[in-house]
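Once you have looked at the hints, place chain B on chain A.
There are 2 protein chains.
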Amino acid sequence: MRPSVSHLLASESPSPNVTVSGWVRTRRDSKACSFLEVGDGSCFRGIQVVVDANLPCSSLVQQILTGAAVEVEGELVASPASGQKWEIQARELRVLGLADGTYPLQKKGHTPEFLRTIGHLRPRTNLYGSVFRVRSRMSFAIHRFFNERGFFHVHTPIITASDCEGAGEMFRVTTLKQGAQSKPEEDFFGKPAYLTVSGQLQGEAFACAMGKIYTFGPTFRAENSNTTRHAAEFWMIEPEMAFCDLEADMSLAEENIRDLIRVMFEECADELDFLTKFVDKALTQRLRQTLDKPSERLSYTEAVEILKKSGRKFEYPVEWGEALQTEHERFLAEEHIKGPVTIFDYPRAIKPFYMRQNDDGRTVAAMDVLLPGIGEIIGGSQREERMDHLLAAMRLSGLSEDEYSWYLDLRRFGSVPHAGYGMGFERLLMFVTGVHNIRDVIPFARTPGHADF
Amino acid sequence: MRPSVSHLLASESPSPNVTVSGWVRTRRDSKACSFLEVGDGSCFRGIQVVVDANLPCSSLVQQILTGAAVEVEGELVASPASGQKWEIQARELRVLGLADGTYPLQKKGHTPEFLRTIGHLRPRTNLYGSVFRVRSRMSFAIHRFFNERGFFHVHTPIITASDCEGAGEMFRVTTLKQGAQSKPEEDFFGKPAYLTVSGQLQGEAFACAMGKIYTFGPTFRAENSNTTRHAAEFWMIEPEMAFCDLEADMSLAEENIRDLIRVMFEECADELDFLTKFVDKALTQRLRQTLDKPSERLSYTEAVEILKKSGRKFEYPVEWGEALQTEHERFLAEEHIKGPVTIFDYPRAIKPFYMRQNDDGRTVAAMDVLLPGIGEIIGGSQREERMDHLLAAMRLSGLSEDEYSWYLDLRRFGSVPHAGYGMGFERLLMFVTGVHNIRDVIPFARTPGHADF
Chain A
1 MRPSVSHLLA SESPSPNVTV SGWVRTRRDS KACSFLEVGD GSCFRGIQVV
51 VDANLPCSSL VQQILTGAAV EVEGELVASP ASGQKWEIQA RELRVLGLAD
101 GTYPLQKKGH TPEFLRTIGH LRPRTNLYGS VFRVRSRMSF AIHRFFNERG
151 FFHVHTPIIT ASDCEGAGEM FRVTTLKQGA QSKPEEDFFG KPAYLTVSGQ
201 LQGEAFACAM GKIYTFGPTF RAENSNTTRH AAEFWMIEPE MAFCDLEADM
251 SLAEENIRDL IRVMFEECAD ELDFLTKFVD KALTQRLRQT LDKPSERLSY
301 TEAVEILKKS GRKFEYPVEW GEALQTEHER FLAEEHIKGP VTIFDYPRAI
351 KPFYMRQNDD GRTVAAMDVL LPGIGEIIGG SQREERMDHL LAAMRLSGLS
401 EDEYSWYLDL RRFGSVPHAG YGMGFERLLM FVTGVHNIRD VIPFARTPGH
451 ADF
Chain B
1 MRPSVSHLLA SESPSPNVTV SGWVRTRRDS KACSFLEVGD GSCFRGIQVV
51 VDANLPCSSL VQQILTGAAV EVEGELVASP ASGQKWEIQA RELRVLGLAD
101 GTYPLQKKGH TPEFLRTIGH LRPRTNLYGS VFRVRSRMSF AIHRFFNERG
151 FFHVHTPIIT ASDCEGAGEM FRVTTLKQGA QSKPEEDFFG KPAYLTVSGQ
201 LQGEAFACAM GKIYTFGPTF RAENSNTTRH AAEFWMIEPE MAFCDLEADM
251 SLAEENIRDL IRVMFEECAD ELDFLTKFVD KALTQRLRQT LDKPSERLSY
301 TEAVEILKKS GRKFEYPVEW GEALQTEHER FLAEEHIKGP VTIFDYPRAI
351 KPFYMRQNDD GRTVAAMDVL LPGIGEIIGG SQREERMDHL LAAMRLSGLS
401 EDEYSWYLDL RRFGSVPHAG YGMGFERLLM FVTGVHNIRD VIPFARTPGH
451 ADF
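So the sequence lines, in the order shown, correspond to chains A and B.
Take 1 as the starting number for the first sequence in this note's numbering and just add one per residue.
Take 1 as the starting number for the second sequence in this note's numbering and just add one per residue.
Chain A with its partners taken away, still in its complex shape (with noise of 0.2 Å):
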């Protein structure tokens, strides 16, 4: 294949016969010549295309708008502009196609509110550009980061008849004809189906067999909520491991991290400046700061006593056996410990069954990792393995044992001590890109009322 932009940008030498295809950003004319920037979305900047207004192909030159497709053929020369090392002096241009002047993306300063409703063009602009292509890097660093440790991929179903946690409003899936009067039982799977909220316990029977494993796939919420942070459909991580306890599990978590804001610096560094610069000024002061400070941990007990303390007038107010809000959250890792923070052993009563319980009786050993600006970005636990305390939390769960009688089976026979986490993909890249809105981290984002393209 041809070399990309990318590649031709970073060229160790001139080169007298190269060609590139791309879409013009901008053009200039000059007497002399034209100057085309020519972008093919392998990188965040385009490359400089120099036509002599002496060339034949000149004579095109003038139908050339932005966003118009173009082949050029020439020769690789160091650039005497300042900014860039390279550019093509072209002896060919031909257009592929063309873009009028009702092309939506000439002028720059859309809000995202006009762009998401071109969200088939939009990642043509800089800022979604640079957002998906952070996307891409941040999905196979994960993919990455699980196999060099040993890792199974396994792809939970995303049609279920069951609910994780009897948590969350679900989407339900159906062949039948709405309105009509069809017993479940005639339904495709022959009873009730819903796209699933988590592949947790999928995965803890497949960690009980392969020993690690991790999900990474769409999971669904059917939330009637209209927030910067809820989206119906998103996609989510669940590492679980078997013969690992909770700070086993939460070392796991913060490198997890940690080895992603690094990608960031390391494969994201032209977005990133450019994120810095038109979206979130403190971005990478922020990344570095988390990069570069040792995790800290609270236990819940110990969070609640400083929010408690720290004389803030909270919104919701701060008891212990009550859930940590958002606000709560980010005092922690904002103001008192200034970055990175995993809370854990949380009550009880407030965290799903499957959770192990403590020695104490009225905690169970969760955690949550919380980012600065963020709040929770992690959720995991080690799971109760041991089938008396399983049952009862079941039982005072209200939960049938028939219906989880298979994952009851994993403590029935060779049960192990196990635990994992859950990281929501497009709150991480909230984080890393500094974009505030879930919408605009999402190549097509499904929310009430929205289903486009």
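Careful, some of the hints might be misleading.
Identical copies carry no separate label here, and so any pair may be met within one copy or between two of them.
As the list claims (entries may be wrong) - Derived pair list, reagent style DSSO-like, types lysine-lysine, alpha-carbon separation capped at 30 Å:
no., residue 1, residue 2
1, Lys-177, Lys-191
2, Lys-351, Lys-177
3, Lys-107, Lys-281
4, Lys-293, Lys-313
If you are wondering where the hints come from, they were derived from the structure by calculation, not from laboratory data.
This is chain B only, laid out in the frame that chain A set:
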């Protein structure tokens, strides 16, 4: 973290002090000692643990049946037994979780049908452990293949309000109550929504911005067909490249298959040996031949000639203009070419609207890669980038310009030649593992009447 069995088996030298955790596969007792084979899922093999009858912990041994989880401390020493380099002379043995006589995986020789009913336990067997380790390695190899070639991973939406090809039965996604007389606009997304059958159209939008992209996600078909090749939920890989024609598309597809077979030999050697011995005796040889033989190509028209002249009685008659059936595809790959073959330039009338029309007026720039034993594994095409041709094709297919106006924008603004393909992940897995039923390469398969676990 402590070393896995896979690490211990690959040790360079003995070690006075190692700890290993895992599940007991077999136990043999002699007067002087007991032998436990312990596996932790990290690799195909287990490690032999020798428990001397004089050790205090040897009193535990009689409780330890197949499936029990143990933790062993001891010395890693060269094994006198054949077929294994290392074994562990135990000093300490702890039982983490027992497995009693009701453990279903004690005896060997269960049928796949029975093992599907215990999908939460079957990854503990040699067969399914192998299949799911292969699945994980193939998944990572696919990400690596595209990342090394400058592709960006795009997470196209799972929930969609449109249907990629107007073809295929779709699952509906809803929050309305079944049977209630609700209007579509009362549903979560304000209109009917479905599970995606392909991310191609959205992938094209991103290729026309970022150059080279791929998707790798779940796709869905609500077809009520109970065959060994169909599942309601399966994973698909869909690369899409701007500035790319059918020729380059076919080359990438052929290289993609070749790369994954190489991974099978290099990274799944133990699994390949096992699968060849116990699942498909011809597997290793077939993969080797596929790798060694250069990919061949035939136009659809040539393929039809060959089939007609073959003298073979096919169930479906061969006629120019008709789709090739699996029996035809397998004849071409297995008997005529005796290896992988790519068929290109299919009749326009049997292909979707978005494929690029050839100058002959009757074919389109479509291609399928066929493999011995499998038939079609990849289908792709160059896409129609010319607005007038695309509009004419849409009219012929009865599609609404309005609904596809965003897709038409890709041709309105800077249109470029582009191409892509789709590869069924499970079909690939069936090819590289020799496993004949799609239900046996999916962690928890979804088929008509089945959404268990």
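Next item on the list: With 30 Å as the alpha-carbon cut-off, assign the pair Lys-177 and Lys-191 to within, between, both or neither.
Entry: both (15 Å within a copy, 14 Å between copies)
Check: At most 30 Å between C-alpha atoms: does Lys-351 with Lys-177 qualify within a copy, between copies, both, or neither?
Finding: between (37 Å within a copy, 29 Å between copies)
Next item on the list: Have a look at Lys-107 and Lys-281 and pick one of within, between, both or neither, based on CA distance no larger than 30 Å.
Entry: Answer is within; shortest intra-copy Cα gap is 23 Å, inter-copy 63 Å.
Notebook entry, point to check: Given a CA cutoff of 30 Å, do Lys-293 and Lys-313 count as a within-copy pair, a between-copy pair, both, or neither?
Noted result: within (28 Å within a copy, 73 Å between copies)
Hint check: no violations occur; every hint is consistent with the structure.
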